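Student: Taken in order, these protein sequences are the chains called H and L.
Residues in the first sequence are numbered consecutively from -7, following my numbering.
Residues in the second sequence are numbered consecutively from 29, following my numbering.
Just so you know, these hints were derived from the structure itself, not from any lab.
Careful: at least some of the hints might be erroneous.
As the list claims (entries may be wrong) - Derived DSS-like pairs: lysine-lysine, alpha-carbon spacing no greater than 27 Å straight-line: (1) L:Lys174 x H:Lys105; (2) L:Lys217 x H:Lys105; (3) L:Lys177 x L:Lys233; (4) L:Lys430 x H:Lys54; (5) L:Lys474 x H:Lys114; (6) L:Lys153 x L:Lys285; (7) H:Lys54 x L:Lys384; (8) L:Lys32 x L:Lys47; (9) H:Lys144 x L:Lys474; (10) L:Lys31 x L:Lys65; (11) L:Lys213 x H:Lys146; (12) H:Lys140 x H:Lys114; (13) L:Lys233 x L:Lys139; (14) H:Lys107 x L:Lys92; (15) L:Lys213 x H:Lys114; (16) H:Lys144 x L:Lys213; (17) L:Lys385 x H:Lys45; (18) L:Lys285 x H:Lys105; (19) L:Lys93 x L:Lys47; (20) L:Lys338 x L:Lys32; (21) L:Lys430 x H:Lys45; (22) L:Lys139 x H:Lys107; (23) H:Lys146 x L:Lys217.
As the list claims (entries may be wrong) - Just a few of them, taken from the derived set where beta-carbon distance is under 8 Å, the chain H residues facing chain L: (24) Ile25; (25) Asp28; (26) Arg60; (27) Phe67.
As the list claims (entries may be wrong) - According to the in silico footprint, chain L covers these stretches of chain H (three or more CB under 8 Å from chain L): (28) 105 to 114; (29) 137 to 149.
Note that the structure is predicted; figures quoted are calculated from it, not measured.
A virtual CB, placed ideally from N, CA and C, is assigned to each residue, including glycine.
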Amino acid sequence: MADGGVTRMFINYEYDAHIYPVTVEYRMDRFYISYDNNEYTVSAVELSPGALKLMLGDRVIKCVISERQDSKYVFIDGEVFQVSRIELSGKKKAEKKEGDLNSPISGTIVSIKVKPGDSVVKGDVLMVIEAMKMEYLIRAPMTGTVEKVHFKEKDQIEIGQLTAELRKKEA
Amino acid sequence: MFKKVLIANRGEIAVRVMKACQEMGIRTVAVYSEVDKSAPHVHLADESVNLGDPTPSESYLNIKKIIEAAQTVGAEAIHPGYGFLAENPDFAQACADCGITFIGPSARVIKLMGDKIAAKTTMMKAGVPVIPGYHGERQDVDSLVKEGKRIGFPLMVKATAGGGGKGMRIVPNEDELPQAIESAKRESKSAFGNDSVFLEQYLAKPRHIEFQILADEHGHTIHLFERECSIQRRHQKIIEETPSPLMTPALRQTMGKAAVAAAQAAGYTNAGTVEFMVDGDRHFYFMEMNTRLQVEHPITEATTGIDLVKWQLRIASGMELRLKQNQLSQRGHALECRIYAEDPANGFLPSIGTLKKVQLPHGPNIRNDTGVESEFTISPYYDPMLAKLIVSSETREESIEKMIWALSHYVVLGVTTNIPFLKQVLDHEQFHRGNITTHFINDYFKDWLATKRSLPLDAILALAVYDALHPQREEVVRYKEADPHSPWRHTGRWRMGA
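Sequences are here, hints too, so could you generate the full structure?
Tutor: Structure follows, in structure tokens:
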């Protein structure tokens, strides 16, 4: 793996919409990691696949990492962080549209309270989704008019699917 | 004793029941749906029967299929676990009609206790205190609103056939009552097939304290002390403990007697639980009786040394209860945490996906009841509880320390869990003091979502080491070409789109 003895990698980790640029060099059994204008010299053992013990000076860091197609999970001291890597091609994540009306859960639509053309006040219930025998309410994120309702009662909906569209009332 | 028992459940409780059976030399039969064909409970069983379609009504809730499975394999008894068919009187009756022993109380008792109104009437007659409310027949919204005004606000709307917080609403004022009634009725209809609700006065500083009951078929009824289950989210328990920090020896004796009286009034047999609400002044009121093994039964086992599932099997096979009330005692303190695949920072929404890695904590007096393992997929079909973690120690404070240690070493990767949330609840000053009520999560953790922090340095270092140890071929080439003098190299974290 240490091709020619030295591997240098330049990695951008993304967590919770923040980017963490890191460089890491692996030589002579040591990892030289730069982040935020600091350099850290770390030695490490992989105890079992994904289970790492890092030594940073006299400090020991234990963690478990596992991979999924597009991201990694890091377990440290009872907390889990899901981190992905991104390319610095200047690409930015699509801006989230105001008023998130995407379903928070996969489930069944049990009730629809509005139809296109209805006026709604911020906080009004638009739709009731049932999943795992619990109900989740889709509320109007703003005051305005219902433009489209994408589902009907008893439909199945998947997490992230757009439930309805609203046009904001101009102030 | 039975020679072969079918376990009509899945997940951790199926595994737990099978282990008790196997220890006693009883052959075990698992049932499973299509998505569970390689689940731990199937691997553990001596035999297994495929129920097909994963929809609960076509699998774990399908009485006909389960009875047929039991008859095909020649099982003499069925253990229902909790949830699914455990509190369904039709299932208990169907078993009886086919000459199969249902491991639990009779269909008559399940039906009586399942009807919250009939249950309360029975308790009042037996002299057990109940909460003021409306438990009448009139179910139209107008009548219910009228009764609600009579009881006063805040009040609770509860599904008559309910349980586990489903079909339950807290209503702060009259204006919100009609919508709460409608929504509770709808949820109850879909979960239990019955939309009848009742109203109840809402208690100040309420604590949920329940008593474990064992009753045999020869007239003996005992209690195995209390469990405090006040820490709840969405009206579902997440942390349970015994003894309760509120309890005094005198109150325990009074409540224990009331619990035994309640069970006897119902003609109860097998293991059951009498749930009480206790207010800030230590007044207690009967809430309901759960006619099954409880999720949190292991904390009673940890402090009494009694295996409740084995006693369920013995009682169902007709054995006499050898345990005498005055010979029972509790030692030390036990805590249970329910590990859920859910996101506490997002309204406790269930999370689904494949468990990439599961590593359980081990140590003295740490018990893991689990029905999942690495590479198992959490589907939206069933309850998102993954496992239970139970610890016991000499004192409450020591149990809390042990639980926090165990949770810190509990690895679940691939789906979001409530583990970090549980740790913070346990470490809350008011939890340490034992000042807990059923509002605890709402009172202290309502804005928990705001505490999401940045990626810690340790995680960044660990990822960098991992990626250096496991580079992908094309990356090595690409990163070698990367400009070491790029200004990015000298930047800390930055926000996208900012």
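Student: Given the hinted pair Lys430 (chain L) and Lys54 (chain H), is their alpha-carbon gap at most 27 Å?
Tutor: 19 Å, holds
Student: Is Lys233 (chain L) close enough to Lys139 (chain L), meaning Cα to Cα at most 27 Å?
Tutor: 31 Å, violated
Student: Given the proposed pairing of Lys107 (chain H) with Lys92 (chain L), does the C-alpha separation stay at or below 27 Å?
Tutor: 41 Å, violated
Student: Take a quick look at whether Lys217 (chain L) and Lys105 (chain H) sit within 27 Å of each other, Cα to Cα.
Tutor: Given that 27 Å is the threshold and the Cα spacing comes to 18 Å, the pair holds.
Student: Under 8 Å, Cβ to Cβ, is where Ile25 (chain H) needs to be relative to chain L, so tell me if that hint holds or is violated.
Tutor: For Ile25 (chain H), the interface hint holds, since the closest Cβ of chain L sits about 5 Å away, which is under 8 Å.
Student: Are Lys54 (chain H) and Lys384 (chain L) close enough, with their CA atoms no more than 27 Å apart?
Tutor: At roughly 18 Å apart (the allowed maximum being 27 Å), Lys384 (chain L) and Lys54 (chain H) satisfy the hint.
Student: Could you grab the alpha-carbon distance between Lys177 (chain L) and Lys233 (chain L) and see if it respects the 27 Å cut-off?
Tutor: 22 Å, holds
Student: Would the pair Lys385 (chain L) and Lys45 (chain H) pass a check requiring their Cα atoms to be no farther apart than 27 Å?
Tutor: Holds, at about 17 Å.
Student: Is the interface hint for Asp28 (chain H) satisfied, with its Cβ closer than 8 Å to some Cβ of chain L?
Tutor: 3 Å, holds
Student: Are the Cα atoms of Lys285 (chain L) and Lys105 (chain H) separated by 27 Å or less?
Tutor: 49 Å, violated
Student: Decide if the proposed pair is consistent with the structure: Lys32 (chain L) and Lys47 (chain L), CA atoms, cutoff 27 Å inclusive.
Tutor: Judged against 27 Å, a Cα distance of about 13 Å means the pair holds.
Student: Going straight from one Cα to the other, do Lys140 (chain H) and Lys114 (chain H) come out at no more than 27 Å?
Tutor: Holds, at roughly 17 Å.
Checked against the numbered hints given earlier, this structure breaks hints 9, 13, 14, 18, 22, 28 and 29; the rest are met.
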